[in-house]
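Trainee: Residue numbers (our numbering), protein chains in the order written: chain A, 4 to 265; chain B, 4 to 265.
To be clear, the hints were calculated from the coordinates, so they are not data collected in a lab.
Check each hint, because a few of them may be wrong.
Said to hold, decoys possible - Below, a list of computed lysine-lysine pairs in the DSBU-like style, where the Cα atoms sit at most 35 Å apart:
| # | chain 1 | residue 1 | chain 2 | residue 2 |
| --- | --- | --- | --- | --- |
| 1 | B | 252 | A | 161 |
| 2 | A | 161 | B | 161 |
| 3 | A | 190 | B | 161 |
| 4 | B | 161 | A | 252 |
| 5 | A | 161 | A | 190 |
| 6 | B | 190 | A | 161 |
| 7 | A | 252 | A | 190 |
| 8 | B | 161 | B | 190 |
| 9 | B | 190 | B | 252 |
| 10 | A | 252 | A | 161 |
| 11 | B | 161 | B | 252 |
Said to hold, decoys possible - Computed, partial: chain B to chain A, Cβ under 8 Å:
| # | residue |
| --- | --- |
| 12 | 48 |
| 13 | 128 |
| 14 | 243 |
Keep in mind it's a predicted model, so treat the numbers as computed, not measured.
We treat Cβ as the ideally placed atom computed from N, Cα and C, and that holds for glycine.
One letter stands for each residue in the lines below.
Number of protein chains: 2
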Amino acid sequence: MIGIFDSGVGGMTVARAIEQHCPGLPLIYFGDIARTPYGSKSRSTIIDYSRHNTELLLEHGASIIVIACNSAASVATGVLREQYPVPVLDVVGPAVDQAVQVSRSGRIGVIGTRATVRSGIYERSIQAQLPSATVLSQPCPLLVPLVEEGWLSRRETKMILRRYLYPLRLRQIDTLVLGCTHYPLLKHLIGPRIGRRVQLIDSSLAVAQHLHHYLQDHPDLAERVRRSGQQSRFLVSDCTGAIRQLAGKIFGRPIDLETIHV
Amino acid sequence: MIGIFDSGVGGMTVARAIEQHCPGLPLIYFGDIARTPYGSKSRSTIIDYSRHNTELLLEHGASIIVIACNSAASVATGVLREQYPVPVLDVVGPAVDQAVQVSRSGRIGVIGTRATVRSGIYERSIQAQLPSATVLSQPCPLLVPLVEEGWLSRRETKMILRRYLYPLRLRQIDTLVLGCTHYPLLKHLIGPRIGRRVQLIDSSLAVAQHLHHYLQDHPDLAERVRRSGQQSRFLVSDCTGAIRQLAGKIFGRPIDLETIHV
Chain A
4 MIGIFDSGVG GMTVARAIEQ HCPGLPLIYF GDIARTPYGS KSRSTIIDYS
54 RHNTELLLEH GASIIVIACN SAASVATGVL REQYPVPVLD VVGPAVDQAV
104 QVSRSGRIGV IGTRATVRSG IYERSIQAQL PSATVLSQPC PLLVPLVEEG
154 WLSRRETKMI LRRYLYPLRL RQIDTLVLGC THYPLLKHLI GPRIGRRVQL
204 IDSSLAVAQH LHHYLQDHPD LAERVRRSGQ QSRFLVSDCT GAIRQLAGKI
254 FGRPIDLETI HV
Chain B
4 MIGIFDSGVG GMTVARAIEQ HCPGLPLIYF GDIARTPYGS KSRSTIIDYS
54 RHNTELLLEH GASIIVIACN SAASVATGVL REQYPVPVLD VVGPAVDQAV
104 QVSRSGRIGV IGTRATVRSG IYERSIQAQL PSATVLSQPC PLLVPLVEEG
154 WLSRRETKMI LRRYLYPLRL RQIDTLVLGC THYPLLKHLI GPRIGRRVQL
204 IDSSLAVAQH LHHYLQDHPD LAERVRRSGQ QSRFLVSDCT GAIRQLAGKI
254 FGRPIDLETI HV
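With the rest of the complex left out, here is chain A (with noise of 0.2 Å):
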């Protein structure tokens, strides 16, 4: 099975690109709920939760594991691909490459958490593709509570999307990476707020393309997958009605969710 485990439910917007983009294949989903956000915790903290989600994904049958958290895409991507024996893909470089492919002026936009921004990763993985790059970095860490309230067009997130993203207008730059799998949802705000101009690069359908080619390379990774009949199954480590709210608002259908324990 495609393996994907994220610090929530943001990352059932991987889980639905994923759907879309490498259909028939069976997904197990984790979402570590009962300890989200990632975002604001430690770096060793997420290293130690995201080895626990992949063994816990390795169990339940995953042959491939996607970091579906950028949060943990960004301190522990490395850490996971020296431990474990099989495919580690990460959120993260599929929409730097884009970012790099699409922008003209070299001067790229990213809005994450406080732990992504912190971690550089962006900035690092941009600049080795492309040296003369201008990355400006922005942390929004109210974004995510909003969308996990189901605030997708208030005035007052319209409000904090305006604080946030202007310091990245003024500084004009052509290409913005929605470095957070919360943000897809919001995405009919930042655009227009950010200028027409701006391209977005959305992290979670960079992510399922990249798996998509990534199959096409490995058919025989594909078929195997393909043939273990087993159905796509969404793990949450802690559920609320508003966490199934939302996952049946982003997969447009309701989502079964098995609490685990962990």
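On the provided structure of chain A, position chain B as indicated by the hints.
Mentor: Coordinates of chain B only, in the frame set by chain A:
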């Protein structure tokens, strides 16, 4: 020592109030920042964490437990009182006593996290004492992240508060319980927005006053705590710069936070 636990840093408003009302008594504080927030988690998860936190405080020498987290107090107080052989005080009871005391009209508002409001603990406890009371509860899930961001006077915080408080204003409460230990940090914004005639009940202050009286009634226990010769300690399950800053703001001095693994 006086053991105090909270889901994070908010309970430090309780620790601070206890320090002021019970001077000279050593505190052992635990803030479960690695697993914060509790307010959006399920009942059984909150109970598990509360048991764990209590055992940790007992191991570190607590002879009395104060549940400084409204979400934990609202679902776990009974369980902890049954299971552990020490007095367990919680942040809900004393605030309810004060609200019932000061309300003239019996129209009492309560603001808190989703978990606290969903538990119905304030409603039940107020009506047990004052059956004629009308209790109006309003979940305010965005206030904790706003406080943790340090947005204590921003326009967005004011707008969100106005939105949350509007239904309570409309229904003409005369008393408002701040049912979350983060909220005292927003008191200066809540007062003018709910209206001058409304009495605010600060649950952090109320539990500190209650503990003061409890120790007067149990001088042996107070003496034992005082003579332990211990220094106050502040343990957290995770730590970042933002947390350290908020702790300093609450105490008005730098606080030495010791990180322990949970």
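Trainee: All hints are to be evaluated individually against the structure, with a verdict given for each.
Mentor: Hint by hint, here is what the structure shows:
no.	hint	in the structure
1	B/252 to A/161	29 Å, holds
2	A/161 to B/161	15 Å, holds
3	A/190 to B/161	25 Å, holds
4	B/161 to A/252	29 Å, holds
5	A/161 to A/190	11 Å, holds
6	B/190 to A/161	25 Å, holds
7	A/252 to A/190	14 Å, holds
8	B/161 to B/190	11 Å, holds
9	B/190 to B/252	15 Å, holds
10	A/252 to A/161	20 Å, holds
11	B/161 to B/252	20 Å, holds
12	48	5 Å, holds
13	128	23 Å, violated
14	243	6 Å, holds
Hint violations for this structure: number 13 only, all remaining hints satisfied.
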